[in-house]
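A.B. asks: The listed protein sequences derive, respectively, from chains A and B. Sequential numbering from 1 applies to the first sequence in our numbering. Sequential numbering from 1 applies to the second sequence in our numbering.
Among these hints, one or two may not hold up.
Below are the DSSO-like pairs computed for lysine-lysine, each with C-alpha atoms no more than 30 Å apart in a straight line [stated by the list, open to error]:
#1 B:329 with A:77
#2 A:16 with B:235
#3 A:78 with B:235
#4 A:257 with A:16
#5 A:239 with A:257
For the record, the hints were derived by calculation from the structure and aren't laboratory data.
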Amino acid sequence: MNGLHISGLSVTLGDKAILRDVSFTVEPGQVVGLIGANGAGKSTALKAVLGIVEPTAGNIRIGEQDVAALSPRERAKKLSYVPQGAPVHWPLTVERLVGLGRTPHLTPWQDISAADEAIVQRVLIETDSWHLRDRLATTLSGGERSRVLLARTMAVGAPFMLADEPTASLDPLHQLQVMDIMRGQASCGAGVLLVLHDLSFALRYCDRLVLLHGGGVLASGTPADVLTDAHLETAFGVKVARWSDGGEQFLAPHAAKGV
Amino acid sequence: MIRKLQQNGWLLNASLLGALLLVALMSGMFGQVDLDMGQMAAAVFGPADSPEAIIVRELRLPRVLLAILAGASLGYSGAALQGLLRNPLADPGVIGVSASASLGAVIAIYMGLAALSPVAIPVLAMAGAFASTAILMLLASRDASVLTLILAGIGISSLATAAIALVMNFTSNPVTVQEMVMWMLGSLENRTFDDLTLAGPFIVAGWLVMMGVGQGLNALSLGEDAAHTLGIDLKRLRWRVVLGTALSVGATVSVCGAVGFVGLVVPHMVRAMIGYEPRRLLLPSAFLGAILMMLADILTRLPIGHGQLRLGVVMAIIGAPVFLYIVFKTRESMR
């Protein structure tokens with residue numbers, strides 16, 4: 001239907017095949033987690049979907065629409081992105097920085113309108129950063145900054161949101177906040193595609209998982225189907241411990257394979 | 001309302017435009033012959049053959065117009081390059097166009113062409129600017145990263161500087177060497193409408209190429225990947241800034257000599273007034289660049305310099321301390 005369909009995606013950089021024939025779908029309202037060991041091709045997969053990296057084969061569609069055929073601006077309206085460890089190069093105020101998310105909706109000469117400002121206000125409130133609006137983005141703490149950059153991405157209002165390790169380098173509370181915001185986006189109807197390293201988050205927050213291994217898809221499906229002992233040993237080389245607490249499932253790596 | 005106007009920069013732009021007109025008027029009044037307001041009015045609106053009219057219309061007007069075009073080009077492209085490279089130390093010199101234009105001028109002086117025609121220096125300087133831009137485009141074509149672009153620019157700049165030294169090295173006549181050095185120190189003295197018609201079209205073409213880059217530069221505050229996913233065509237943005245700078249600054253250096261510091265300092269002065277948003281720096285930087293250029297040009301005409309002061313020297317002598325002051329003042333927010 002109107003999902004984000006990735007089919008047969010391959011990426012070769014230089015003469016190295018980074019991704020081979022990767023296919024999966026992100027439906028509206030779903031959180032899909034992209035997991036795998038370092039170098040498995042997770043970030044490259046996101047970048048190829050976004051057109052930052054040129055795919056050597058395969059196609060990306062939203063519904064019936066081929067994303068490659070869209071203009072940069074039209075594509076930007078449909079796919080928003082939280083880069084990994086996103087930089088902020090100038091000390092802009094938080095409000096103006098979040099307003100940059102409205103860029104795809106403006107002509108090159110326009111500045112943000114009152115309607116855009118209302119959207120900026122809403123996403124600042126949703127990310128619990130309204131009180132930061134007049135601060136300079138370069139003076140924020142790590143947790144504040146990642147919430148603000150998330151708000152910037154939400155301000156685009158795209159039907160699909162892609163994030164590369166949004167919880168990296170955050171303390172536990174901020175990790176939970178960010179994951180809750182991602183869930184909230186999905187329950188408002190957005191399709192969310194996340195690169196994740198935390199397997200526990202992958203288990204608890206994602207509707208579907210795609211496990212990459214050596215540039216290809218090792219497994220995809222519900223978290224229960226994907227996070228099997230066999231898959232995790234193959235993809236990560238680890239054994240995991242599992243437990244449940246208050247009805248929720250948890251999972252953590254506890255030993256290297258063969259130990 | 002006032003806050004809104006301040007935020008949008010309209011208030012600042014209107015004030016700077018007012019200041020620009022005022023300084024332009026001053027620039028028409030001061031010189032070897034000082035004119036008062038009445039004489040200025042007579043010169044502008046009166047008969048064309050009065051001495052005042054000749055001084056103002058033939059001598060000072062082209063000089064004022066060139067100062068505005070040159071200063072605006074340096075200020076605007078400095079702000080645009082700092083935004084593109086996300087580096088507050090960038091100035092129009094980093095793409096190598098200033099040094100290459102100087103090389104062209106030095107060759108024109110070396111070969112004695114300057115004595116044959118008054119447009120020989122600007123024409124060869126412009127040829128130098130174009131040649132360096134062509135080399136830059138070849139070296140950094142296709143998917144050039146910003147880093148490749150800067151490094152290629154620095155390489156070209158060093159090569160041109162080395163070639164200038166080589167030409168000077170082979171010039172046996174010390175008077176010719178002095179002429180070269182004086183040219184490179186920059187001046188608007190004795191510029192005519194010929195210089196204006198030669199450089200003006202390229203300068204304006206450069207502005208047109210760079211118009212409307214502000215949105216892309218703003219998006220680049222978040223890095224290249226984020227800017228890409230905000231719908232910015234980065235390759236196009238890069239070439240528009242580089243080509244626009246090459247055209248406008250190349251033509252500027254051809255007729256004014258290598259006037260440094262404007263492109264570097266002006267965006268910082270504007271930041272101190274209106275903040276760091278790259279788009280909002282562009283227009284005020286053009287206005288302020290033009291104002292500073294005219295002020296420096298007025299200073300070169302004052303008796304204190306005995307008619308010897310060169311524009312580039314005045315600019316650097318004023319610009320460097322201002323730059324240091326701004327660095328000192330903004331060191332907190334640059335962290």
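A.B. asks: Run every hint past the structure and note whether it holds.
C.D. replies: Hint-by-hint comparison with the structure:
no.	hint	in the structure
1	B:329 with A:77	violated (40 Å)
2	A:16 with B:235	holds (25 Å)
3	A:78 with B:235	holds (21 Å)
4	A:257 with A:16	holds (27 Å)
5	A:239 with A:257	holds (6 Å)
Hint 1 from the earlier list is the only one contradicted by this structure; the remaining hints agree with it.
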